[in-house]
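There are 4 protein chains.
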Amino acid sequence: MDISKLTDAAELAKAIPHAQALGMSFVEIGQGHAIMQLPYDEKLIGDPQTGVIHGGAVFALMDTCAGAAVMSHPDAKGYTATIDLRVDYMRSATPGQILRTRADCYRYGRSVAFVRAVAYDEDEARPVAVANGAFVASKGE
Amino acid sequence: MDISKLTDAAELAKAIPHAQALGMSFVEIGQGHAIMQLPYDEKLIGDPQTGVIHGGAVFALMDTCAGAAVMSHPDAKGYTATIDLRVDYMRSATPGQILRTRADCYRYGRSVAFVRAVAYDEDEARPVAVANGAFVASKGE
Amino acid sequence: MDISKLTDAAELAKAIPHAQALGMSFVEIGQGHAIMQLPYDEKLIGDPQTGVIHGGAVFALMDTCAGAAVMSHPDAKGYTATIDLRVDYMRSATPGQILRTRADCYRYGRSVAFVRAVAYDEDEARPVAVANGAFVASKGE
Amino acid sequence: MDISKLTDAAELAKAIPHAQALGMSFVEIGQGHAIMQLPYDEKLIGDPQTGVIHGGAVFALMDTCAGAAVMSHPDAKGYTATIDLRVDYMRSATPGQILRTRADCYRYGRSVAFVRAVAYDEDEARPVAVANGAFVASKGE
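Protein chains in written order, with numbering that gives the first Met the number 0: chain S, 0 to 140; chain A, 0 to 140; chain L, 0 to 140; chain G, 0 to 140.
There could be a bad hint or two in this list.
Unchecked claim - Calculated pairs, DSBU-like style, for lysine-lysine (alpha carbon to alpha carbon, straight line, at most 35 Å):
id, chain 1, residue 1, chain 2, residue 2
1, S, Lys13, S, Lys138
2, G, Lys42, G, Lys13
3, L, Lys13, G, Lys42
4, A, Lys76, S, Lys42
5, G, Lys76, A, Lys76
6, S, Lys42, A, Lys42
7, L, Lys42, G, Lys76
8, L, Lys42, L, Lys13
9, S, Lys13, S, Lys42
10, L, Lys76, S, Lys138
11, G, Lys13, L, Lys42
12, S, Lys138, S, Lys76
13, A, Lys13, S, Lys13
14, L, Lys13, G, Lys13
15, A, Lys42, A, Lys13
16, S, Lys76, L, Lys76
17, S, Lys42, A, Lys13
18, A, Lys42, S, Lys138
19, S, Lys76, A, Lys42
20, A, Lys13, A, Lys76
21, A, Lys42, S, Lys13
22, S, Lys76, S, Lys13
23, L, Lys76, L, Lys13
24, G, Lys13, G, Lys76
25, L, Lys42, G, Lys42
26, L, Lys76, G, Lys42
Rather than coming from a laboratory, the hints here were simulated on the basis of the structure.
Working from the sequences, and respecting the hints, build out all of it.
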């Protein structure tokens, strides 16, 4: 994978209005993996009593990061889309802490790419959520 | 289910900062089902070239609506949380159109409630996404 | 869809050694849907104390039926394979009763077909399990 | 976890008629993880033309192994049941080879335990399938 692909993915993410609206940014993009983060913010809160962020915000971060992992895979030609994604919520993210997620594209097939992502806050030993999904694979023309 | 529960669920949704930030609102809440909507908005866009909204925004709407369906179930005592949720994306939502979702809690067990949700835009015959998940069931003391 | 396709699907199912070994058979095949059944048998038991059949046998029935639903879709050209499948278990199947499942292919896209299946015993009002999955779509040459 | 629990789990598996009918056996049981195997057999075949085993047989192995991983968890009190399970199929198992699966219970909560399982044949570097699910957690009286 050449550097231009890494840069493309990061730029693409910056160009996603919804990712920008929530406050997501890239920490790292590699050959089939990506790390993104989402700083705590009031507009992400799902439970006003506890201040815990909404599962939808966790999902949006994991979905975006998973798509970036697929796009950064050596076999990829840039385009992808989520076919399906399953998220398991292990616990609430701690209010006030940055949420990070790492996604790995562990299989890039003819028409489908499989991805796994893990989300965690500052207590990295206890994941907040795990996501597993299938994405559109496009090997170019 | 009494009216107070319906009102509670609707008020609760209004009180969710993330739901408010994205622009969600309730269309209907019944005995184990709910309908919510999310008007098209630039901050929801996932693909700047086509204007298609982000899968994460679709998920956030379905997750919130599914939780409301669980809370409105006759056997429920108010509290719930997503255990896991799987979303299948059938097609892109048409840019500019309102996204709606209907969620049904079709099984409320001792510790787990199962929910199915369908999201669609103005072309109701062709769903945009389908979600299936397990939520925490709480039957009260 | 022509009759030959219906017959092909039924014949194909008969030709599946694992389906035969468990005792599965077709009740109905239509244009994108299928109904199959699995009579109760000791070799299917998962819990020797209660006589409840194994979740794996329920899954095998639903997976096979879902594949048949995809193959019988008007847009299909015969071949398919499971990409992913999620099964939600609502309750135990009642020991001694026939297990039936109905699968519907509700979306047949360019490369992916989506299917939903429901399994039930003689109490059809209370499903035993629900499955949702993505299958390989092949529209022919 | 005491030795008796390990032995109990192995004995329990032996006592499952469906696991016996398919030919499953334990390779290893630890504190929250388990490894099982399923030798290739004609009755497991899903595709008579290629000899590839049925996805349902792969699932049955993973589901059983996942349940054993939950039961062997230090916090467990023996009983469990599958709430939901999602399987992603990466590729066909190679005909003639033993199928193995390793399951890890990576989170044992108050009412739900989460498990991940990987199935592979002799080419361990390329998994055949990955499963993620939620199981009933029972911490005893």
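Against the structure, the hints come out as follows:
The hinted pair formed by Lys13(S) and Lys138(S) meets the criterion: a straight-line CA distance of about 24 Å does not exceed 35 Å. Distance hint between Lys42(G) and Lys13(G) is fulfilled; the C-alpha atoms sit about 19 Å from each other, no more than 35 Å. A hinted pair counts as satisfied when its Cα atoms are at most 35 Å apart, and Lys13(L) with Lys42(G) qualifies at roughly 13 Å. Under the criterion of a C-alpha separation no larger than 35 Å, the hint pairing Lys76(A) with Lys42(S) is consistent with the structure, at around 27 Å.
For the hint linking Lys76(G) to Lys76(A), the alpha-carbon distance of about 28 Å falls within 35 Å, and the restraint holds. Between the alpha carbons of Lys42(S) and Lys42(A) the distance comes to roughly 13 Å, so the proposed pair stays at or under 35 Å and holds. Between the alpha carbons of Lys42(L) and Lys76(G) the distance comes to roughly 27 Å, so the proposed pair stays at or under 35 Å and holds. At most 35 Å may separate the alpha-carbon atoms for a hinted pair to count; Lys42(L) and Lys13(L) meet this at roughly 19 Å.
Between Lys13(S) and Lys42(S) the alpha-carbon distance is near 19 Å, which keeps this suggested pair within the 35 Å criterion. This hinted pair checks out: Lys76(L) and Lys138(S) have alpha carbons roughly 23 Å apart, not beyond 35 Å. Restraint check for Lys13(G) and Lys42(L): satisfied, since their Cα atoms lie roughly 13 Å apart, inside the 35 Å limit. In summary, the hint linking Lys138(S) to Lys76(S) is supported, as the alpha carbons are separated by about 5 Å, within the 35 Å threshold.
For the given pair, Lys13(A) sits about 30 Å from Lys13(S) by alpha-carbon distance, which is consistent with the 35 Å threshold. Annotation: proposed proximity of Lys13(L) to Lys13(G) holds, straight-line Cα distance about 30 Å (limit 35 Å). For the suggested pair Lys42(A) and Lys13(A), the alpha carbons sit about 19 Å apart, so the restraint of at most 35 Å is met. Between Lys76(S) and Lys76(L) the CA atoms are separated by roughly 28 Å; this keeps the pair inside 35 Å, and the hint holds.
Restraint check for Lys42(S) and Lys13(A): the C-alpha separation of about 13 Å stays at or below 35 Å, so the hint holds. About 30 Å separates the Cα atoms of Lys42(A) and Lys138(S), which keeps this hinted pair within 35 Å; it holds. For the hint linking Lys76(S) to Lys42(A), the alpha-carbon distance of about 27 Å falls within 35 Å, and the restraint holds. With a C-alpha separation of about 19 Å, the suggested pairing of Lys13(A) with Lys76(A) holds against the 35 Å cut-off.
The hinted pair formed by Lys42(A) and Lys13(S) meets the criterion: a straight-line CA distance of about 13 Å does not exceed 35 Å. Restraint check for Lys76(S) and Lys13(S): satisfied, since their Cα atoms lie roughly 19 Å apart, inside the 35 Å limit. Among the hinted pairs, Lys76(L) with Lys13(L) is consistent with the structure: their alpha-carbon atoms are about 19 Å apart, no more than 35 Å. As the CA atoms of Lys13(G) and Lys76(G) are separated by approximately 19 Å, the hinted pair is consistent with the 35 Å bound.
Proposed proximity of Lys42(L) and Lys42(G) is supported: the alpha carbons are some 13 Å apart, at most 35 Å. The straight-line distance between the Cα atoms of Lys76(L) and Lys42(G) is roughly 27 Å, inside the 35 Å bound, and the hint therefore holds.
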